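Letter by letter, the chains look like this.
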Amino acid sequence: KQEVTQIPAALSVPEGENLVLNCSFTDSAIYNLQWFRQDPGKGLTSLLLIQSSQREQTSGRLNASLDKSSGRSTLYIAASQPGDSATYLCAAEGGSEKLVFGKGTKLTVNP
Amino acid sequence: GEEVAQTPKHLVRGEGQKAKLYCAPIKGHSYVFWYQQVLKNEFKFLISFQNENVFDETGMPKERFSAKCLPNSPCSLEIQATKLEDSAVYFCASSLDRANYGYTFGSGTRLTVV
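Chains as they are written, first to last, in this note's numbering: chain Z, 156 to 266; chain X, 245 to 358.
Hints are computed from structural coordinates only; laboratory data are not their basis. Take these hints with a grain of salt, some might be off.
As the list claims (entries may be wrong) - Pair ranges (Cβ atoms, derived): (1) T251(X) with S167(Z): 33 to 39 Å; (2) E307(X) with E170(Z): 46 to 52 Å; (3) G258(X) with E170(Z): 43 to 49 Å; (4) K262(X) with E252(Z): 26 to 32 Å; (5) R354(X) with T263(Z): 22 to 28 Å; (6) G260(X) with E211(Z): 49 to 55 Å; (7) S208(Z) with A325(X): 42 to 48 Å; (8) E170(Z) with Q261(X): 42 to 48 Å; (9) D300(X) with G238(Z): 35 to 41 Å; (10) G238(Z) with E329(X): 32 to 38 Å.
Quick caveat: nothing in here was measured; it's all calculated off a predicted structure. The C-beta atom is built at its ideal place from N, Cα and C for all residues, glycine as well.
Using the sequences plus the hints, can you model the full thing?
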């Protein structure tokens, strides 16, 4: 059974700092891994999708990496801004053909 | 449209009442998924569809929960005889091709059972 863990559970940084959010998964046989952002009381916004054959994806200030052999993915946020404050969720899709979510990292970027 | 539309945004039901939630997937997406988000960001998979066919229903509490995706109609998730523990945000997601495009989520329906 796939389990997804995100560390840390919460992170507070000053504006402008570069930061890394971590995601680990127990079953390396995944099809893809997707990072989402959730604002309080809102839905999920897809940030990046990394297919199993890829090692990283980039979108603007965001870069996500995937290492299937070690069961890890990281989300790198460059030059953080207060508007980046949200909960970041990673979700892995494996042979069960459904997403398994971590519990998220709550990010606060202080002005 | 390019968004997954969920209605209503909020729903309040007395314990024992029925609740029905709706989801209109993105046009052309053949996969639809329902997830339940409870406290502390726990997402629980409920059911998935490929077109109008149930693909995986391993997460559904079958005695009270049912779901449908019929042609030319929004998908629906129905809870008979709601319980306090059903209070959660229910998210619908759709996908064209999960491997290449991932999932697009709706904004959710917050169900409160009182």
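Now the hints, each set against the structure:
For the pair T251(X) and S167(Z), the beta carbons lie near 36 Å from each other, so the given range of 33 to 39 Å is met. Judged by the Cβ atoms, the range 46 to 52 Å given for E307(X) and E170(Z) holds: they are separated by roughly 50 Å. For the hinted restraint 43 to 49 Å between G258(X) and E170(Z), the CB-CB distance of approximately 46 Å keeps it satisfied. At about 30 Å, the beta-carbon gap between K262(X) and E252(Z) stays in the expected band of 26 to 32 Å.
In this structure the supplied range 22 to 28 Å holds for R354(X) paired with T263(Z), their Cβ-Cβ distance being about 23 Å. The given range of 49 to 55 Å is respected by G260(X) and E211(Z), whose C-beta atoms sit roughly 50 Å from each other. At roughly 46 Å, the beta carbons of S208(Z) and A325(X) sit within the given window of 42 to 48 Å. Between E170(Z) and Q261(X), the C-beta spacing of about 47 Å keeps the proposed range 42 to 48 Å intact.
The hinted window of 35 to 41 Å between D300(X) and G238(Z) holds, with their beta carbons roughly 36 Å apart. Checked against the given bound of 32 to 38 Å, the beta carbons of G238(Z) and E329(X), roughly 35 Å apart, stay inside it.
Checked against the numbered hints given earlier, the structure satisfies every one of them.
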